[in-house]
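Student: Each chain is listed here by its residues.
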Amino acid sequence: MIEANGLTKRFGDKVAVNDLSFTVQPGIVTGFLGPNGAGKSTTMRMILGLDRPTAGAALINGRPYTSAHAPMRLVGALLDAKNVHGGRTARAHLNSLVQSNGLPMRRVDEVLAMTGMTEAAGRRIKGFSLGMSQRLGIAAAMLGDPEILIFDEPVNGLDPEGILWIRQFMQALAAEGRTVFVSSHLMSEMENTAEHLIVIGLGKLLADMTTKDFIAANSAGIVRVRTPQTDEMLAALRTAGWQANLVDGHIDVLGTTTDAVGDLAAAKSYTVHELFTQRSSLEEAFMEMTRDSVEYHAGDVAVGSAP
Amino acid sequence: MTTTTAPPARTAALPPGGATLPRVIRSEWTKFWSVRSTPWTLLIAVVVTIGFATLLAWGVSSNLDTMKPDQRATLDVTSLSASGIAFGQLAMAVLGALFVASEYTTGGIRTTFVAVPNRLRVLLAKIVVFSLVAWVVGTIASFASFFVAMTFWTPHHLATSLSTPAVLRAVMGSGLIAVASGLLGLALGALIRHTAGAITAAIALLFVVPPLTQLLPGGWGDAISTRFITNAGQRITEVIQTPGQLHPWAGYLWMLGECLIPLIVGAWLIRNRDA
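Chains as they are written, first to last, in the working numbering: chain G, 1 to 307; chain V, 308 to 582.
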């Protein structure tokens, strides 16, 4: 189990992580979602004892990670896949890690096979593609057959086959009872992988709930109705207390269902030509939620020179 | 690169594992030798050290006739054979700086610290591995330089041997200077965390600043200059002591101490800075 209690990190005046509290439970994949610059990597580094929190604490099984006796048996982490010395071969890199924790050397061949990297073992890491580096990073994380896995944006640079592989891999790890904590800036990626979501923006906690609840809460539909009696319908909907807007000749109603709108139309004997729910995608819901907390907005695009 | 292998079940019988110091030393040993620059730098250092000692022994022995009697009397053929150690020092300082700083520039230090969260244990392992390598390689180069140089002095009946008092200490001394120089490089790597910066600082402190300190005026200027890193350390390679300079062991201990101060500061920073 991973716990963050009031975790805060300031870099000078800038607050990267702001009073973040959550727990990550074993047995499921927990997605750590947020736009770029939201503080996901900083939070993960604090959990792993690489960065010191300005305030608060991060604990793994109730203790700071830095006090772990058998670090690689406890936690396997993939932060940045390029966090390796490129001059070494993949095998030498893994050998050195296995030796540092007194693990059996056979683990090197096992994790190489597990990640499909056996043939690349003798090559120097600097020649690796990003996808291969990710696989090597995952291989390194698995050396100690750890109880807890922490992956920062693991699908970066992977081809579709690799993405599918890592998704199934993480779910299998969780199914074995391990704690799997994985970050992403893409909702679509987490939607199919994570059972629980922790969403942050500008270092602050925005949501901590199951993916199912998150979808239910955030993909509330818009009921769209088209009728020849537009003005009358609009007035009736507003009288009924719903937020209704005229858009391109049809009406968008918020906070209701097609059943309720249909009943109202029938009661008033309005003709209805079209009635359906327009669902916003989860990606839109996520963007909506984090809109105010995106660090860098793309400015309005101005073409040509100023007058 | 095709795989759909599911992870093996958690029952994989693994020993408890633990990042103990001997294990971390083994790991750092593997890391040190698995980078191509290591064997090459060491090989070049040994070859150049011996080459320079040979060149100097040949040059000075060919010009013996032009020497004044008092110059001949204070001619220290052992110390002369150690002149090449400057190249050994340079190589050790560079390798030491790279051993730490390259982990920071590549980001590999984060992988290291996740595997071994006890940072001082990592640094200590690096110090053990590197001191051992620097001492062995420095000592081999020193003995080789000595024996090659003596072949030039034998015809002039000026050759000395390891059984002569102080000669063994002087020849072993070069290996010890290699250790101190390597530790300085290691320390600067930990302080600066940037390969080019750490190497530049090491070269400056070992080779550029020491001769400049001789320009300092007065008694305190002399006191600083005679104790300044390489100025002090090279005394241990002398059989015939230079007047006004430190005793051989005192000189070496000054140098070692001056190299350990940045190492202690570096250790404190490694422990407390974000990685």
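Worth flagging that the hints you see were computed from the coordinates, not collected in a lab. These figures come from a predicted structure and were not determined experimentally. Mixed in with the good hints there might be a few duds.
Taking CB as the label site, the calculated pair distances span [claimed, not checked]:
1. G:Asn156 <-> V:Phe514: 41 to 47 Å
2. V:Val572 <-> G:Lys212: 50 to 56 Å
3. V:Ala530 <-> G:Gly6: 39 to 45 Å
Below, a sample of chain V positions facing chain G; criterion: calculated Cβ distance under 8 Å [stated by the list, open to error]:
4. Leu321
5. Val342
6. Asn370
7. Lys375
8. Asp377
9. Ser409
10. Gly415
11. Arg417
12. Thr418
13. Phe420
14. Pro424
15. Arg578
All C-beta atoms in this analysis are idealised placements derived from N, C-alpha and C, irrespective of residue type, glycine included.
Student: Each hint: holds or not?
Tutor: Hint by hint, here is what the structure shows:
Distance hint check: the CB atoms of Asn156 (chain G) and Phe514 (chain V) are about 44 Å apart, consistent with the given range 41 to 47 Å. The hinted window of 50 to 56 Å between Val572 (chain V) and Lys212 (chain G) holds, with their beta carbons roughly 53 Å apart. For Ala530 (chain V) paired with Gly6 (chain G), a C-beta distance near 54 Å fails the hint of 39 to 45 Å. For Leu321 (chain V), the interface hint holds, the least distance from its beta-carbon to any beta-carbon of chain G being 5 Å, beneath 8 Å.
A distance limit of 8 Å between C-beta atoms decides the matter here; for Val342 (chain V) the minimum to chain G is near 4 Å, and the interface restraint holds. Evaluation of the Asn370 (chain V) hint against chain G yields a violated restraint, the C-beta minimum of about 45 Å exceeding 8 Å. The closest approach between the C-beta of Lys375 (chain V) and any C-beta of chain G is roughly 53 Å, which is over the 8 Å cut-off, so the hint fails. The interface hint given for Asp377 (chain V) is violated, since its Cβ lies 53 Å from the closest Cβ of chain G, which is over the 8 Å cut-off.
A distance limit of 8 Å between C-beta atoms decides the matter here; for Ser409 (chain V) the minimum to chain G is near 6 Å, and the interface restraint holds. The criterion of a C-beta within 8 Å of any C-beta in chain G is met by Gly415 (chain V), whose closest approach is roughly 5 Å, and the hint holds. Interface hint status for Arg417 (chain V): upheld, as the beta-carbon distance to the closest one in chain G is roughly 5 Å, under 8 Å. At about 5 Å, the closest approach between the beta carbon of Thr418 (chain V) and any beta carbon in chain G falls short of 8 Å, and the interface hint on this residue holds.
The criterion of a C-beta within 8 Å of any C-beta in chain G is met by Phe420 (chain V), whose closest approach is roughly 6 Å, and the hint holds. Proximity of Pro424 (chain V) to chain G holds as hinted, the smallest CB-CB distance being about 4 Å (cut-off 8 Å). Among the interface hints, the one on Arg578 (chain V) is violated; its C-beta lies about 10 Å from the nearest C-beta in chain G, farther than the 8 Å criterion.
The structure does not agree with the numbered hints 3, 6, 7, 8 and 15 stated previously, though it agrees with the rest.
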